[in-house]
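One letter stands for each residue in the lines below.
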Amino acid sequence: MYDTGKVIIGLAIFACIFLFPFLYNHGTAAPQPKPSLDTPAIKALAEKKCVEDTHFMITTHMQFLNDWRDQALREGNRWYVNREGKKVWISLQNTCMKCHSNKKEFCDKCHNYAGVDPYCWDCHYDPNGSKL
Amino acid sequence: MNMDRRKFLKAAGLTTLVGLGGKGIFELVKPGTVEAEMAHEGHGHGGHEEEAGPKVRWAMLIDVMALNKEKVEKIVHTCHYLHNVPNWGDPKNEIKWIWEDEYEHVFPDSYNEYNHILEGMPFLLMCNHCDNPPCVRVCPVQATFKRPDGLVAQDYHRCIGCRFCMAACPYGSRSFNWLDPRVQLEKEMAQGRKLNKRFPTRMRGVVEKCNFCVERLAEGKQPGCVEAAPDVMFFGNLADPNSNVRKILKERISLRRKLELGTKPSVFYLI
Amino acid sequence: MIEKALKGSSVYWGWIIFLLCLIGAGVMAYMYQLKVGLGITGMSRDISWGVYIAQFTYFVGVAAGGVMVVIPKYLHHYTKYAKIVVFGEFLAIAAVVMCLLFIVVDIGQPMRMLNVLLHPTPHSMLFYDMIVLNGYLLLNIICGYNTLLADKKGVPCPRWVKPFIYLSIPWAISIHTVTAFLYAGLPGRHFWLTAIMAPRFLASAFAAGPALLIMILLFVRRVTKFDPGMDALQTLAKTVCYAMIANLFFMGCEFFTAFYSQIPGHMHTLEYLFAGLDGYGNLVPFMRAAIIIGLLGVFLLLVPPIRRNTKGLVLACASVFLATWIDKGVGLVIGGFIPNPFETITEYHPTLPEITIAAAIWGVGGLIVTILYKIAISVREEQARV
Numbered sequence: 001m002y003d004t005g006k007v008i009i010g011l012a013i014f015a016c017i018f019l020f021p022f023l024y025n026h027g028t029a030a031p032q033p034k035p036s037l038d039t040p041a042i043k044a045l046a047e048k049k050c051v052e053d054t055h056f057m058i059t060t061h062m063q064f065l066n067d068w069r070d071q072a073l074r075e076g077n078r079w080y081v082n083r084e085g086k087k088v089w090i091s092l093q094n095t096c097m098k099c100h101s102n103k104k105e106f107c108d109k110c111h112n113y114a115g116v117d118p119y120c121w122d123c124h125y126d127p128n129g130s131k132l
Numbered sequence: 001m002n003m004d005r006r007k008f009l010k011a012a013g014l015t016t017l018v019g020l021g022g023k024g025i026f027e028l029v030k031p032g033t034v035e036a037e038m039a040h041e042g043h044g045h046g047g048h049e050e051e052a053g054p055k056v057r058w059a060m061l062i063d064v065m066a067l068n069k070e071k072v073e074k075i076v077h078t079c080h081y082l083h084n085v086p087n088w089g090d091p092k093n094e095i096k097w098i099w100e101d102e103y104e105h106v107f108p109d110s111y112n113e114y115n116h117i118l119e120g121m122p123f124l125l126m127c128n129h130c131d132n133p134p135c136v137r138v139c140p141v142q143a144t145f146k147r148p149d150g151l152v153a154q155d156y157h158r159c160i161g162c163r164f165c166m167a168a169c170p171y172g173s174r175s176f177n178w179l180d181p182r183v184q185l186e187k188e189m190a191q192g193r194k195l196n197k198r199f200p201t202r203m204r205g206v207v208e209k210c211n212f213c214v215e216r217l218a219e220g221k222q223p224g225c226v227e228a229a230p231d232v233m234f235f236g237n238l239a240d241p242n243s244n245v246r247k248i249l250k251e252r253i254s255l256r257r258k259l260e261l262g263t264k265p266s267v268f269y270l271i
Numbered sequence: 001m002i003e004k005a006l007k008g009s010s011v012y013w014g015w016i017i018f019l020l021c022l023i024g025a026g027v028m029a030y031m032y033q034l035k036v037g038l039g040i041t042g043m044s045r046d047i048s049w050g051v052y053i054a055q056f057t058y059f060v061g062v063a064a065g066g067v068m069v070v071i072p073k074y075l076h077h078y079t080k081y082a083k084i085v086v087f088g089e090f091l092a093i094a095a096v097v098m099c100l101l102f103i104v105v106d107i108g109q110p111m112r113m114l115n116v117l118l119h120p121t122p123h124s125m126l127f128y129d130m131i132v133l134n135g136y137l138l139l140n141i142i143c144g145y146n147t148l149l150a151d152k153k154g155v156p157c158p159r160w161v162k163p164f165i166y167l168s169i170p171w172a173i174s175i176h177t178v179t180a181f182l183y184a185g186l187p188g189r190h191f192w193l194t195a196i197m198a199p200r201f202l203a204s205a206f207a208a209g210p211a212l213l214i215m216i217l218l219f220v221r222r223v224t225k226f227d228p229g230m231d232a233l234q235t236l237a238k239t240v241c242y243a244m245i246a247n248l249f250f251m252g253c254e255f256f257t258a259f260y261s262q263i264p265g266h267m268h269t270l271e272y273l274f275a276g277l278d279g280y281g282n283l284v285p286f287m288r289a290a291i292i293i294g295l296l297g298v299f300l301l302l303v304p305p306i307r308r309n310t311k312g313l314v315l316a317c318a319s320v321f322l323a324t325w326i327d328k329g330v331g332l333v334i335g336g337f338i339p340n341p342f343e344t345i346t347e348y349h350p351t352l353p354e355i356t357i358a359a360a361i362w363g364v365g366g367l368i369v370t371i372l373y374k375i376a377i378s379v380r381e382e383q384a385r386v
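Protein chains in written order, with the numbering used here: chain A, 1 to 132; chain B, 1 to 271; chain C, 1 to 386.
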């Protein structure tokens, strides 16, 4: 091999830069957040249940909301019939946020933990908050 | 063997081309026809159908004679409040869904030098929700599209902000968010502006326009401008011969903007 | 072959560093634009496309112009172009990359750009533009790289490249046709709504692209040991001349239709651009200059002694390039928006960040041309030595 020394030094520098984020954050993992469901609207519910069951909502809410958006905006279909046959008005701001009125505790906590920045909030907002 | 393979490939290629281009050419002729054929409920009064076509085509009638400064202000304010449209206050960044202009600007080709009746009258401008909308034709991502009920909708989630629709719209109905609309809204809120909390804002970098209050139609309500001035604005189903708008159009003289372009606007000016 | 771009004189490296600085400034301006929005540009509700799209349109032409070397070489076996055809292809690569960058910086939501692929829309001309531009880039990379590689090895170009070369000819025509269709199919924009938009675009492209190529190759001839061949450049200059005459003729046709028919909508933009309208006339001196400079370019090219003189040829080509640039890279796009749909006038003033970004894209184009030409010239110099 030509320039063995230079190649090894180069590889070492590359490895350092590549591993830096992992090493830097090692051992500082944030605790898993527990999203708060504690809002007046939810408290008032007899059965604490979202439009679909909790497991489904936790794992699939992104695709679910994506589908809702296309249904409402593009298909003009504003009613969603859930698995129990109950009709729900399709609206992030006027249906979801009515119960989950604590955006910071409910939405942001997990999104921050997972390091995702969904662009929902570029246009939609917490109707209960005083700020956009 | 070789020939067979070639023939097969040719046939496959041709069918793909037809399949790909088929809808495209069809859409070029008349955008939205395909969607219009999709089954949907009619919102009209009766089953009298004059011609095969969509059962609903929403239209707006604006009675120019009944309009005055006060009503214009109320209509514009209602609309821009309902949809959280920021008021930038400068023509460079401005966003407008409905606004006032003079006859000679609204109908630039119909200026009559011997009759000045219409000059100085307030004309309200908004998206024409064309039956043959050029903006829908040019949009590369179908962010703007025609719904089966004739409404030209804008999907802010999908818009890439290329502004091709703004170049294509012959009515200047479209606004682009050159800056973050929330920055301006927050400034206005600090000065006492109220937000309509049932409706989102937009983000910078997307195009917006009048949506015929699609969110209110879904709830069975009339568009905001109609509610603000029910003696000036009339909203109804153009496809239904017995609808309110058809009755008015039968009796009154009406104008539509730039008909010669073949866009078939759904906004009528009653004079 | 890329290693050839890493060895050069201090002037070469100075030029590279200059271009990198230009690009760096543009990147910073673009970060600012990304953060704040397109409001930092001079564009407005009325003038919704500005410098970016105008430059995009112009450089599609420069890219398509490369075909004026490819056609004689491959369809007519004009061997004098054998040595320079790769320079035409490399110029096209740089120009297409510039076009794509101008589109990217112009759109409001660049991170959603791939929606164009996710939701393919065959009734939008922009959809086809995306296909033809990326296709043309790929074709030129394939053809340019492989022909040069074959030259380097001293073997004939591999057979499989030939179909791509032939395909690149109609493809070059298509990129500028589709770009013209972006404008020519819009109702209510009278200035753009003309059936000769595509032919006019092609004529100005076949003038501007080869004119730029001649200027660069004359420079190359001066500073390197590679001689592109004066005969070849003279033939190319004749192409520029014919194309520019056609371009001016088409422009004259536009004037005739507008002013003989006397239809106000058709006259308004031309009046604004060349005489001023309702007291507005920012572009008048530039557009008038474009006509004069364009005619001067044609005159210089028509007189054989001037054309054969190197200085005369450079002046002629610079005139053609500048005239077409003002006409297509400034007036055409901005003019289409004036007057607006309400027959009122809003003028357009590009801002400093906007110009910085555009200049950076010119810098990227310059960098690509420099590197690719350096490689090609090194190969040609080696050939000459052998």
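Note that these hints are calculated values from the structure, not bench results.
There may be inaccurate statements among the hints.
[To be verified] Taking CB as the label site, the calculated pair distances span:
1. 21/C - 55/A: 22 to 32 Å
2. 230/B - 66/A: 34 to 44 Å
3. 280/C - 17/A: 34 to 44 Å
4. 346/C - 95/A: 35 to 45 Å
5. 89/B - 3/C: 51 to 61 Å
6. 82/A - 264/C: 53 to 63 Å
Please read these numbers as outputs of a predicted model, since none were measured by experiment.
Yeah, the Cβ is synthetic: ideal placement off N, Cα and C, and Gly gets one too.
Hints versus structure:
no. : hint                     : result
1   : 21/C - 55/A: 22 to 32 Å  : violated, 56 Å
2   : 230/B - 66/A: 34 to 44 Å : holds, 38 Å
3   : 280/C - 17/A: 34 to 44 Å : violated, 55 Å
4   : 346/C - 95/A: 35 to 45 Å : holds, 42 Å
5   : 89/B - 3/C: 51 to 61 Å   : holds, 58 Å
6   : 82/A - 264/C: 53 to 63 Å : holds, 60 Å
Violated hints, in rising order: 1, 3; the structure is consistent with all others.
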